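Given only the sequences and the hints, what does the whole structure look like? Please build it.
Chains as they are written, first to last, in the numbering used here: chain D, 176 to 600; chain F, 176 to 600.
By construction, these hints were calculated from the structure, which means they are not laboratory data.
It is possible that part of the hints are untrue.
Where chains are identical, the list cannot tell them apart; a pair therefore holds if satisfied intra-copy or between any two copies.
Result set (DSS-like, lysine-lysine): computed pairs, CA atoms no more than 25 Å apart in a straight line [stated by the list, open to error]:
| no. | residue 1 | residue 2 |
| --- | --- | --- |
| 1 | Lys-233 | Lys-253 |
| 2 | Lys-217 | Lys-233 |
| 3 | Lys-488 | Lys-233 |
| 4 | Lys-455 | Lys-542 |
| 5 | Lys-253 | Lys-207 |
| 6 | Lys-217 | Lys-253 |
| 7 | Lys-195 | Lys-253 |
| 8 | Lys-535 | Lys-305 |
| 9 | Lys-204 | Lys-349 |
| 10 | Lys-217 | Lys-535 |
| 11 | Lys-520 | Lys-349 |
| 12 | Lys-477 | Lys-233 |
| 13 | Lys-233 | Lys-487 |
| 14 | Lys-520 | Lys-479 |
| 15 | Lys-302 | Lys-520 |
| 16 | Lys-349 | Lys-455 |
| 17 | Lys-207 | Lys-542 |
| 18 | Lys-520 | Lys-195 |
| 19 | Lys-207 | Lys-307 |
All values derive from a computational prediction rather than experimental measurement.
There are 2 protein chains.
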Amino acid sequence: MSIYAAMSRDELLQEYQSVKARFDAGKAKNLKLNMARGKPAKAQLDLATELLTTVSTKEDCIVDGVDARNYGELCGLKCAREYWAEILDCKSENIFIGGTASLNIMFDVISRAYTHGLLHSERPWCKEEKVKFLCPSPGYDRHFRITEFFGAELITVPMNDEGPDMDVVESLVKDPQVKGIWCVPKYSNPSGIIYSDATVRRFANLKPAAPDFVIMWDNAYCIHEFEGEYIPFPDIISLCEEAGKPDMVIEFASTSKVTFAGGGFSAMASSAANIAYFVKLFGVQTISHDKINQLRHVRYLKDKAHTIEHMKKHAAIMAPKFRAVSEALECQIRPCGFAQWNNPKGGYFVSLNTMPGTAKRALALCKEAGVEMTPAGATYPYGLDPQDSNIRIAPSLPPVEELQEAMDIFCTCLKLAALEKLLEV
Amino acid sequence: MSIYAAMSRDELLQEYQSVKARFDAGKAKNLKLNMARGKPAKAQLDLATELLTTVSTKEDCIVDGVDARNYGELCGLKCAREYWAEILDCKSENIFIGGTASLNIMFDVISRAYTHGLLHSERPWCKEEKVKFLCPSPGYDRHFRITEFFGAELITVPMNDEGPDMDVVESLVKDPQVKGIWCVPKYSNPSGIIYSDATVRRFANLKPAAPDFVIMWDNAYCIHEFEGEYIPFPDIISLCEEAGKPDMVIEFASTSKVTFAGGGFSAMASSAANIAYFVKLFGVQTISHDKINQLRHVRYLKDKAHTIEHMKKHAAIMAPKFRAVSEALECQIRPCGFAQWNNPKGGYFVSLNTMPGTAKRALALCKEAGVEMTPAGATYPYGLDPQDSNIRIAPSLPPVEELQEAMDIFCTCLKLAALEKLLEV
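Here it is, written out as structure tokens:
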């Protein structure tokens, strides 16, 4: 095998025959494998079994004089706010506890921005002539979809190794119609990079034209190292405060990938003024979120140190999967020279750029061979990757052996799509 | 004591002195009692302690091939949908399972109506020149607040013993700006009445001018008898279907007052077409609700028959409290002849109409004496009771002895406010 770009047509044809045969053989196995979503594996869910029994008696339900079973405490239990404050390195008055999913709080924030406006909005966003939202890409499709749902124009911002291209961001926020930006600052979805300190500082020091510009700081993978030790990360909330823009950022996090993806608990962190503003709005929709589940989590996860210890058990399950992805790509794709990818040390994804114009085709081939992947384009606004090149690999769900099979087929499909393109077949 | 209306000024003055002395004595006790909200008592929460341990092992988390701990099943677990279908007497495909609070699903429905429209909307409600919403009153303040929050004009509809005045409703829905109505059809909040079969049938046969008119059918107390046997109630969904308007109604319910007020699980029921429409919208905000909590509930509550048995334990706690309210009112207020109230057999409230123009004053006096009540006016749109007469009594939270103390003060305050009014002091 050698670099496709350097091959003659005859050599490419020969390679095509060989790759095609391998594809057909893979397809004949009638596999049904899934690398589409960042779903934790069963072995990871099993790690948190004790969570189920940390609140078992009626006495267990009382904490700090509050009965977790009854209505009340819209902001969340004191101990739950303190727990998240320690994890996110902010103060407990900066914390609002949500339900099982942080995505739902993000949706509610944007939804309320549209119908009622944010703290510094001159009017609800639905009354603006146009709202634009910055989408560092490749990024998370569910983020982009929320702002698309409310009719915002999504603007792609390129990502580099230190985070979103801040020259571009600083230039775009001069437009008063630009109302915010989506960020996954640590182990970014899908590129896996950690925003550099310089990037974080430039975010805190943004001078947007819109008074209600909001940084949607989804710190989904804040403690999700699977290789090496926990890496501390700057607290964006105090940085924004120091920069004189305390209300510009809202941070989100959850235990979906710490305990149970379908039954964790989530948090929003922001300035005390923002929290007070949202409590007023959120009080219309609910009396309180599930405090028993909050209590269960705090009793089980205890504190930051204990949670980071717990995350090492996840790491032991995740690391071999990411190694399997990396090894397959190194072995099968590196020699062909048409694709680049990252090797993250945390988070849930590998981001791969294949030969431009072949990502969709490669994933269609995967599907044909029984391997489901995140749809090509999903990592760009409107699901449209202008290069048709980026693919998000989500290796968490399948066991390693299945993953190896799936990666084998995936690599074959990448090559087949590239060869089809080069040969114009 | 005798009927105030028949007393001379001297007799009224004498009564005033005596009632005032009783008020001062009550106030001197420095009590802190609460009859403000329909919060279950600790003894009721204790009834469901076993719920905490019905899902305790990793094996417990798997049901019908689904791992309740992971992402997925936006509509809810199959068994959870079947559970609610049996309770509400509809089909499981009519059911969407939400989070802990049905109020949040109601909010989301109205919120999405505003930003995106309902299934048959010609445009999102925010693009309508005006939206009007019918509020049978006295009614539930949190319902009214949701539609007020989105800028709807709230229109009061009088309540009678069979439900909302349907002559008024049928007339108002001829206005195409009237987009919906709030209903608590069984043990109505606060009047405690059950909509008659004729009322329910007239609802199903409404012919509103607005194609997207929605009946918000909050069946919050569907199995909440505290006196007598469970009373079956017609299924509004099939009635609307028979009447050729299958998408006109959305029903809501939850276990907030069956298991834990802060950790129950909720359901929305509607036509399959409506459910499909909302699943599309709700899929933007969340991947799935807490399925472990759904499973916990289904394992604990089992089915309708078992749930109704469980509700009898609530009844044993609730009935003496409602008797205490009724006895205090009969003994202290009935002879004075200036107030009327209901004696419900289910639900969470007693609705009392005191002398017009004295409700606010009576509750201010209550507060002064350490008894917190639902604010006067709360049962009317915008918190404005045109008669300043209706008061909602919520006797569930305090133990019977405290409740008797609170009712003694409450009755004294009702009388004092009435006497002040009659004497113009």
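Status of the hints after comparison with the structure:
1. Lys-233 - Lys-253: Answer is within: at 19 Å inside a copy they meet the 25 Å cutoff, but 29 Å across does not.
2. Lys-217 - Lys-233: between (30 Å within a copy, 10 Å between copies)
3. Lys-488 - Lys-233: between (31 Å within a copy, 17 Å between copies)
4. Lys-455 - Lys-542: Answer is between; shortest inter-copy Cα gap is 24 Å, intra-copy 47 Å.
5. Lys-253 - Lys-207: For Lys-253 and Lys-207, only the inter-copy Cα distance (23 Å) is at most 25 Å; the intra-copy one is 45 Å.
6. Lys-217 - Lys-253: between (31 Å within a copy, 20 Å between copies)
7. Lys-195 - Lys-253: Classified as neither: same-chain Cα gap 60 Å, cross-chain 42 Å, threshold 25 Å.
8. Lys-535 - Lys-305: Answer is neither; intra-copy 31 Å and inter-copy 46 Å both fail.
9. Lys-204 - Lys-349: neither (55 Å within a copy, 63 Å between copies)
10. Lys-217 - Lys-535: neither (30 Å within a copy, 58 Å between copies)
11. Lys-520 - Lys-349: neither (35 Å within a copy, 63 Å between copies)
12. Lys-477 - Lys-233: both (20 Å within a copy, 21 Å between copies)
13. Lys-233 - Lys-487: between (32 Å within a copy, 20 Å between copies)
14. Lys-520 - Lys-479: Within. Shortest intra-copy distance 19 Å satisfies the 25 Å Cα cut-off; inter-copy 50 Å does not.
15. Lys-302 - Lys-520: neither (43 Å within a copy, 48 Å between copies)
16. Lys-349 - Lys-455: This pair counts as neither: shortest intra-copy Cα distance 30 Å, inter-copy 35 Å.
17. Lys-207 - Lys-542: within (9 Å within a copy, 66 Å between copies)
18. Lys-520 - Lys-195: neither (33 Å within a copy, 74 Å between copies)
19. Lys-207 - Lys-307: neither (40 Å within a copy, 52 Å between copies)
Checked against the numbered hints above, the structure breaks hints 7, 8, 9, 10, 11, 15, 16, 18 and 19 and satisfies the rest.
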